[in-house]
Amino acid sequence: MSEEKRLHPISTVINFVKQLKEAVIPLVVLLFLNRRGQETFFDYLPLIGMGIFLLVILVSGILKWWRFTYRLEEGELRIEYGLFVKKKRYIPFERIQSLNYSEGIFHRPLKLVKIKVETAGSSSSLESEAELTAITKEEANYLNSVIAKAKKRIKETNEVLLEEGTERADGFQAEVEPEEKVLYKMTIKDLIIMATTSGGAGVVISGVLIFLSQFNELIPFEAVMNEFVEVIQSGLLLVAIAVFLVLLVAWFIAVILTFIRYAEFTVKLIDNDLVITRGLLEKKQTTIPLNRIQGIRFNQNILREPFNYTSVTIESAGGSVLEKDSNTIRLLPMIRAVEAVPILKQVLPDYQWETDFIGAPKRSIFRYMFWNLLFITIAIVPVSYFFFPAGLFSLLLYPLVIGLSWLQYKSAGYCLSEDQLTVRFRVFDKQTVYMKKKRIQSLELRETIFQRRGKVATLSAVIKSYSTGSVNSVSHLDVEDVEKVMEWYEPEGQRSQRESSQTHNELNLE
Amino acid sequence: MNRREPNKRISERALTVWKLYGWINVAVVGILAAAVITLSVIFDWPGWIIAAAAAIPVVVCLLSVFVLPVIKWKRWRYEVREEEIELQHGIFIVKRTLVPMVRVQHVDTEQGPILRKYQLATISISTAATLHQIPALDIEEADSLRDSISALARVAKDDV
Numbered sequence: 001m002s003e004e005k006r007l008h009p010i011s012t013v014i015n016f017v018k019q020l021k022e023a024v025i026p027l028v029v030l031l032f033l034n035r036r037g038q039e040t041f042f043d044y045l046p047l048i049g050m051g052i053f054l055l056v057i058l059v060s061g062i063l064k065w066w067r068f069t070y071r072l073e074e075g076e077l078r079i080e081y082g083l084f085v086k087k088k089r090y091i092p093f094e095r096i097q098s099l100n101y102s103e104g105i106f107h108r109p110l111k112l113v114k115i116k117v118e119t120a121g122s123s124s125s126l127e128s129e130a131e132l133t134a135i136t137k138e139e140a141n142y143l144n145s146v147i148a149k150a151k152k153r154i155k156e157t158n159e160v161l162l163e164e165g166t167e168r169a170d171g172f173q174a175e176v177e178p179e180e181k182v183l184y185k186m187t188i189k190d191l192i193i194m195a196t197t198s199g200g201a202g203v204v205i206s207g208v209l210i211f212l213s214q215f216n217e218l219i220p221f222e223a224v225m226n227e228f229v230e231v232i233q234s235g236l237l238l239v240a241i242a243v244f245l246v247l248l249v250a251w252f253i254a255v256i257l258t259f260i261r262y263a264e265f266t267v268k269l270i271d272n273d274l275v276i277t278r279g280l281l282e283k284k285q286t287t288i289p290l291n292r293i294q295g296i297r298f299n300q301n302i303l304r305e306p307f308n309y310t311s312v313t314i315e316s317a318g319g320s321v322l323e324k325d326s327n328t329i330r331l332l333p334m335i336r337a338v339e340a341v342p343i344l345k346q347v348l349p350d351y352q353w354e355t356d357f358i359g360a361p362k363r364s365i366f367r368y369m370f371w372n373l374l375f376i377t378i379a380i381v382p383v384s385y386f387f388f389p390a391g392l393f394s395l396l397l398y399p400l401v402i403g404l405s406w407l408q409y410k411s412a413g414y415c416l417s418e419d420q421l422t423v424r425f426r427v428f429d430k431q432t433v434y435m436k437k438k439r440i441q442s443l444e445l446r447e448t449i450f451q452r453r454g455k456v457a458t459l460s461a462v463i464k465s466y467s468t469g470s471v472n473s474v475s476h477l478d479v480e481d482v483e484k485v486m487e488w489y490e491p492e493g494q495r496s497q498r499e500s501s502q503t504h505n506e507l508n509l510e
Numbered sequence: 001m002n003r004r005e006p007n008k009r010i011s012e013r014a015l016t017v018w019k020l021y022g023w024i025n026v027a028v029v030g031i032l033a034a035a036v037i038t039l040s041v042i043f044d045w046p047g048w049i050i051a052a053a054a055a056i057p058v059v060v061c062l063l064s065v066f067v068l069p070v071i072k073w074k075r076w077r078y079e080v081r082e083e084e085i086e087l088q089h090g091i092f093i094v095k096r097t098l099v100p101m102v103r104v105q106h107v108d109t110e111q112g113p114i115l116r117k118y119q120l121a122t123i124s125i126s127t128a129a130t131l132h133q134i135p136a137l138d139i140e141e142a143d144s145l146r147d148s149i150s151a152l153a154r155v156a157k158d159d160v
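Sequences listed follow chains A and B, in order.
FYI, in the UniProt record's numbering the residues of the first sequence are 1 to 510.
FYI, in the UniProt record's numbering the residues of the second sequence are 1 to 160.
Bound conformation, chain B alone (with noise of 0.2 Å):
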């Protein structure tokens, strides 16, 4: 007996954005390695340190752009039914979450820089204990999210 899956995938455009954000973090890394091979160049270091510096980019490249964005992207799910809200997400350890309506405290959308470029936002849904995000949906599919959700979530009297 095997679970099903949930049934809706988060924006193609996610791929873009995360893929923008591992080339920003190969920037990153890369000016670093610039920085290392410089400073090894001038100090007489040994070589193994300037292919080692040269390498990692190149594997942070891989990996950050490549590899990961595309199982996260693949992995992530989402269902929101009447009573409940269903995440799968996860690159190595796949998570499935359950959230009833009713322990759902608030709904909000997110929209930083680079996903509003993109029309895309995260939308956060809190419970009293916890917090669960959906990163990267389309706007308007975020939009009526949070409003579908804020109006089946009716915390129950109970307390908390």
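Isolated chain A (complex conformation) (with noise of 0.2 Å):
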């Protein structure tokens, strides 16, 4: 197929809203601008440049539409664009690591969808990722299908310059048609769960108080609060239903708001793919090769810790840079910790998830103590200072982070399989990550002065998160564990090599 292509002509009108969106400001202002009376030619000027602005706008983007076309060419999408520069960009099949769906609210009624090629994350993706903002959907899926069959075709005679375990079901793939399986749905009771326990409602209350608070003049708080005083006066009942109320608003829009982004949260296994699918206006489908899992992180927040929820995000390499929200991938936004495991061994059946943690010794616990209520004292000592009789208050902090302290000794932990190293450790949220030994990017033991003096280390394991890497730190272990650890973590056979190699220590370097 070398027809040229071209994208839906709806793709004009998301382009427009897209630019529109983002020349919100300037536009508003200039409305401001235009606010005194109309009297003569010079205070239309604003209005007329907004109008000749508008107009700039939608005409770049029909062109923009009218010059975009793809095509499938040679085993390659080749797409080709640009106003007044013409711009080409040929992506081979074997680069791109999966295309993701999305649907907007334009798309929804014409049954069509934005596509995002995503390539495998070296330093120039940015430069080959590609969109193709709207296609329908027999397309997409031709478009997939042919994608898939010439990778397909390149991995076959590709297969005997494979080294030995780099995919472990390839000639499995090769012979098996493709196979859908549902590994997860959300229900609807953990979607509520999950907006109750996120810290969403919080964030939605402080929303509303710094809203409010940009009405300070307007508002005669004096007066608000004479009656505020009365209304105590006349029953403290009334106040807690009046908190109860704000509080079960930001509830509801917490929950609103989860029910947008992750209704119908579906995860499928579709061949070596891991497909999500979610949203509620905006459905979005994010596929990731299972090839490109660095790790996996449980990650338990204190409010979904007592109930064992937890939430499980993958940490893949590559894919997209641009995507803003996407820097983990919630596998599984919000499931008990016991349910995610048998879900977890369909998808990655090599991996290890009964873990045996080693934790911190006993002498850490000190350490963990002291530097969080050192800093902690940093912070109370001048604001009791200056607030005086009421900055004492800050003083109630210690207990709480004191629990914290005492919480995150009891956190840290790091277990160790023939390949896969587990840590768990706690900033507030308590963090497991499993890593196999060919994922970790390299692997640091820090110690401080005084670290030393206790015996104790900081482990610190890095592994491939998109374009960057994400570090694993479990503070104050037992030095000798992270040693061993780090004896774990040398390529084999050199360990008897170095023991001999001791003695003459310059071998290896000529």
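Quick caveat, the hints were computed from the structure, so don't treat them as lab data.
A few of these clues could be false.
Okay, the calculated bits of chain B under chain A, using three or more residues with CB under 8 Å as the criterion [what the hints assert, rightly or not]:
no. : segment
1   : 95-102
2   : 126-135
Below, simulated EDC-like cross-link-like pairs (lysine to aspartate or glutamate); rule was C-alpha separation at most 16 Å, straight line [claimed, not checked]:
no. : chain 1 : residue 1 : chain 2 : residue 2
3   : B       : LYS95     : A       : GLU483
4   : A       : LYS345    : A       : ASP273
5   : A       : LYS88     : A       : GLU74
6   : A       : LYS152    : A       : ASP271
7   : A       : LYS438    : B       : GLU83
8   : B       : LYS117    : B       : ASP138
9   : A       : LYS410    : A       : ASP429
10  : A       : LYS437    : B       : GLU83
11  : A       : LYS185    : A       : GLU264
Here the structure is a predicted model, which means the values were calculated and not measured.
Backbone N, C-alpha and C fix where the C-beta goes; we use that ideal spot for every residue, glycine too.
Both chains are sitting in their own frames, so use the hints and assemble them into the complex.
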């Protein structure tokens, strides 16, 4: 198929709206400039300017749509675009990791999708990414199948060259037709629990407060205060009801926001790809090839912990740098830890999910406490001093910090198996990260002078996550444990060599 | 079981260079301090400001010329073995880093004007997610190290 194709014309509207969104602030400023009475020609200038501006972005949107063509040719997705300078972007099929679909409000009535072409995350990933703003679903599926077939062919010819153990299911994949398996569907109950514990309600409340504080001068606070005092006198019950109502509304908004983002959250396993679909108004589909997965992270916030709920995210290499909210992919946004494991076993059978953590030694409790207390003291002392009587309330932070430090100490731990390192640590949320040895980019042992004296050290492992790395550190482990992990990480066969090279040190360099 | 330190040190000329950097630091701070002293004489600011402005460059000088570079140099060790690179560095926090050769994606050497004058170079080792630098190596050492690392680094077929 080599004919040139255009996107659906609706993409002009989508582009127009997008441009408009970006230009909204200058437009509003212009409107305000125009508030004076319209008397002379010059008073109309801002309005005219605005009209011209809108016309320009509309026309340029249409032209852009007209100039944007794509075609499949010689094993490449070839895109040509550009208003004045024609740009060509050719992406070979084997470089394409996945096609991610999403459907906005404009797409859905017309049965269209937006497609993001995700490529391997090399340093040039920004260059080779592409986006098809609006094409029909059939077209999208057609593209997908062509690319999948082409990739399979390339893989088969390359089979001989592949190193052992690259992809377990290579042979399997070549023979069997795409197999679809639904792994997980989020229930409404889970969605509601997620919204409740996400802190989203808190964000909404503070948002409302900030919004109100903008009207500081409009609202006669003194009068309100007087009334408030009266209300209190008339009964605490009323206050309680008011507070409850505010909380209820905030909670309700949080639930709705969560619904919009996560409704119909489904995880499917298709061939060797994980496919996640979600969203109420805008449907989003994310595809993650299994062999791009660098590690799995369990994240438990403090509210969710008592109920043993957790969110499971994937650290994946490559993918879209442009997409902001996809820094980590939520595989299971809200699930009981015990239920997560069977699902993960189906996805990644070679990971070891049962873990037996070796924690930090008892002598580390003091270290966890000390640093936190030091930091909090630095904050508390000036607050108590400058806001004398009321500032003393900040002293209440001490028990909280002591509690947090204790939890941090209890959470710290690592677990080692033959090819996997699992670490558990906490800043506020408790995090457990499962990493395969071959996915760890580098490992570090860190010790301060104080830690050295106490024979403890910090273990820190980096795995690739998108175009950067994610650093996972466990503080104040027994130094012997950390050294054990370092030794485990050193490539095989080196160990014995090292012992013999201890005598003649320069051996390996030359 | 104490882990053996990596066996190579960086060039002794690094110490000279770092001391030079320290002096540059002192010069900058000194100019600022002179400005503050001048201002406080003109505007009759309290005496302790003059004292502080005079003391700070001295402290900076002591630290960034005589103390820190020496500790830094003593701490810096590296070792390039067939299958991994091991680094040790850090003044207050000692870091021991292991980078397997199969993870290395590329190696660069770079040289600023000061390093060039002393025939030194910095070597940067990049993996898919991290960047590790060995500062101020002898230029020949750096070049041969770069070549041997890039020869040893065969990026595994696994996706990063």
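Hint by hint, here is what the structure shows:
1. 95-102: Contact hint for the segment 95-102 of chain B vs chain A: holds, 8 residues under 8 Å.
2. 126-135: Per the Cβ count (5), the hint holds.
3. LYS95/B to GLU483/A: holds, 12 Å
4. LYS345/A to ASP273/A: At roughly 15 Å apart (the allowed maximum being 16 Å), ASP273/A and LYS345/A satisfy the hint.
5. LYS88/A to GLU74/A: holds, 15 Å
6. LYS152/A to ASP271/A: Given pair LYS152/A, ASP271/A holds - Cα atoms ~12 Å apart, limit 16 Å.
7. LYS438/A to GLU83/B: holds, 13 Å
8. LYS117/B to ASP138/B: Holds, at roughly 11 Å.
9. LYS410/A to ASP429/A: The hint holds at about 13 Å.
10. LYS437/A to GLU83/B: holds, 14 Å
11. LYS185/A to GLU264/A: holds, 7 Å
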